[in-house]
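Heads up, the sequence shown is in the numbering used here, so the first residue is 64 and it goes up one at a time.
Calculated from the structure, these hints are not laboratory results.
Restraint ranges, calculated between C-beta atoms of paired labels, are given here:
1) R253 / E387: 20 to 28 angstroms
2) Q106 / R275: 39 to 47 angstroms
3) R340 / T107: 14 to 22 angstroms
4) H339 / R110: 20 to 28 angstroms
5) D183 / E250: 15 to 23 angstroms
6) E394 / W163: 37 to 45 angstroms
7) S204 / E394: 35 to 43 angstroms
8) S105 / S315: 14 to 22 angstroms
9) E140 / R253: 55 to 63 angstroms
10) H339 / A235: 46 to 54 angstroms
Here are the simulated DSSO-like cross-link-like pairs (lysine-lysine), alpha carbons at most 27 angstroms apart as the crow flies:
11) K356 / K326
12) K326 / K307
13) K109 / K65
14) K142 / K307
15) K240 / K276
16) K65 / K421
17) K65 / K346
18) K326 / K86
19) K421 / K276
20) K65 / K307
21) K141 / K307
22) K65 / K86
23) K346 / K109
24) K356 / K307
25) K109 / K141
26) K307 / K360
27) K307 / K109
28) K356 / K65
Predicted model, so just to flag it, every value in this text is computed and none were measured.
Beta carbons are placed, not taken as given, at the ideal position from N, Cα and C, and that holds for glycine.
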Amino acid sequence: MKAVLHVTGGCNLRCRYCYVGDKTTARMSPDVARAAVDLVASQTDKRFTISFMGGEPLLEYDLIRGTVEHAERVAREKKLAVSFRMTTNGLLFDDERLEWCRRHRVIFALSLDGDAQSHDANRVNASGRGSHAQLMERLESIRSHSLVLIVIAVVTPQTAPHLGQAMGFLFAHGIDKVILSPDFGGEWDRAALRELRRGYEEVAEDYIARHRKGEEIYFSTFDEKIRTHALGPIRRGVICDMGKTSFSIAPSGEIYPCVQFVKPETDLRFRIGDVHRGFDATKRWELVELNRKPRPKCQGCDLDGRCSNWCGCVNHRTTGDVLEVPPFLCEHERMVMPIADHVGNVLHDERNEIFRRKFYQDHLEPH
Numbered sequence: 064m065k066a067v068l069h070v071t072g073g074c075n076l077r078c079r080y081c082y083v084g085d086k087t088t089a090r091m092s093p094d095v096a097r098a099a100v101d102l103v104a105s106q107t108d109k110r111f112t113i114s115f116m117g118g119e120p121l122l123e124y125d126l127i128r129g130t131v132e133h134a135e136r137v138a139r140e141k142k143l144a145v146s147f148r149m150t151t152n153g154l155l156f157d158d159e160r161l162e163w164c165r166r167h168r169v170i171f172a173l174s175l176d177g178d179a180q181s182h183d184a185n186r187v188n189a190s191g192r193g194s195h196a197q198l199m200e201r202l203e204s205i206r207s208h209s210l211v212l213i214v215i216a217v218v219t220p221q222t223a224p225h226l227g228q229a230m231g232f233l234f235a236h237g238i239d240k241v242i243l244s245p246d247f248g249g250e251w252d253r254a255a256l257r258e259l260r261r262g263y264e265e266v267a268e269d270y271i272a273r274h275r276k277g278e279e280i281y282f283s284t285f286d287e288k289i290r291t292h293a294l295g296p297i298r299r300g301v302i303c304d305m306g307k308t309s310f311s312i313a314p315s316g317e318i319y320p321c322v323q324f325v326k327p328e329t330d331l332r333f334r335i336g337d338v339h340r341g342f343d344a345t346k347r348w349e350l351v352e353l354n355r356k357p358r359p360k361c362q363g364c365d366l367d368g369r370c371s372n373w374c375g376c377v378n379h380r381t382t383g384d385v386l387e388v389p390p391f392l393c394e395h396e397r398m399v400m401p402i403a404d405h406v407g408n409v410l411h412d413e414r415n416e417i418f419r420r421k422f423y424q425d426h427l428e429p430h
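Start from the sequences, fold in the hints, and give me the full structure.
Next comes the structure, spelled out in structure tokens:
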């Protein structure tokens with residue numbers, strides 16, 4: 064069970080593709096944060112996760128510290144396991160904060176779009192200046208303190224021509240786990256889609272080459288497609304569970320089924336409770352069941368079960384309907400599936416040891 068705490072609506076950056084939109088002065092109080100911890104701990108008999116988001120969560124570092132201490136205390140009292148996550152732009156890290164994260168085993172996802180050209184195109188501060196150089200000054204210290212360093216990168220129509228270079232930059236700097244997300248709200252025309260395809264093809268050749276050299280890297284766009292080929296299709300509601308085993312807490316304490324619903328103009332139809340009164344069970348399970356329904360436009364499609372149409376949150380953000388898949392997603396999945404399959408076929412035929420362990424052996428070992 065995981066609770067995502069949106070500890071602030073403020074941010075030190077003004078990323079041009081941010082789905083939250085305008086930044087706010089909303090801040091989560093310690094009372095709300097503690098109540099959120101108590102709620103998620105009450106929903107499990109084994110383990111729970113507290114994840115911190117913003118805005119930029121490190122603007123509320125003292126609140127995060129107090130919340131982690133409370134969660135650790137609750138876990139001890141209830142004999143539960145607890146873990147911590149954070150999504151951050153990394154710019155407010157210093158050695159003291161990084162060491163605190165390491166001691167408390169906080170795993171964080173770092174927002175970094177690749178090289179300076181791609182990153183600074185969108186990840187800018189309030190005055191419009193890029194943040195890449197500032198982040199790179201901290202990267203080695205971040206890496207040295209990280210238990211697991213995951214990078215979240217976004218590709219837009221403007222940065223698609225540089226995708227291969229951007230991902231190569233990350234891999235060359237020792238980043239071995241990259242979650243790439245296209246800007247689903249971007250204006251993707253045919254020219255941009257052609258550039259995106261070319262970029263994926265460049266990343267594919269780099270991915271194959273690095274596996275041949277013995278480098279184990281994770282690139283979400285390929286790994287998850289290969290996984291659906293090796294292990295079978297994704298069942299709806301397993302990855303995007305829309306409030307079942309993961310939910311988001313707004314600074315006010317209101318509960319929503321996903322991070323993408325926590326924004327100033329949010330649709331209150333998706334508010335499923337608050338931390339002091341608990342869940343609205345009827346609304347919560349209605350949403351869970353809604354997200355498990357087939358996507359009408361996907362019926363009969365050969366890619367259903369391998370494609371990312373399962374994410375009801377992205378569907379709602381782009382089309383206003385949990386079950387309505389955006390046209391760009393269809394174009395994207397048709398484009399990337401053959402490239403991912405090519406990568407998988409090459410490494411499978413070569414009996415690449417890293418590839419076999421990652422997609423087959425680890426899943427065949429007796430438990």
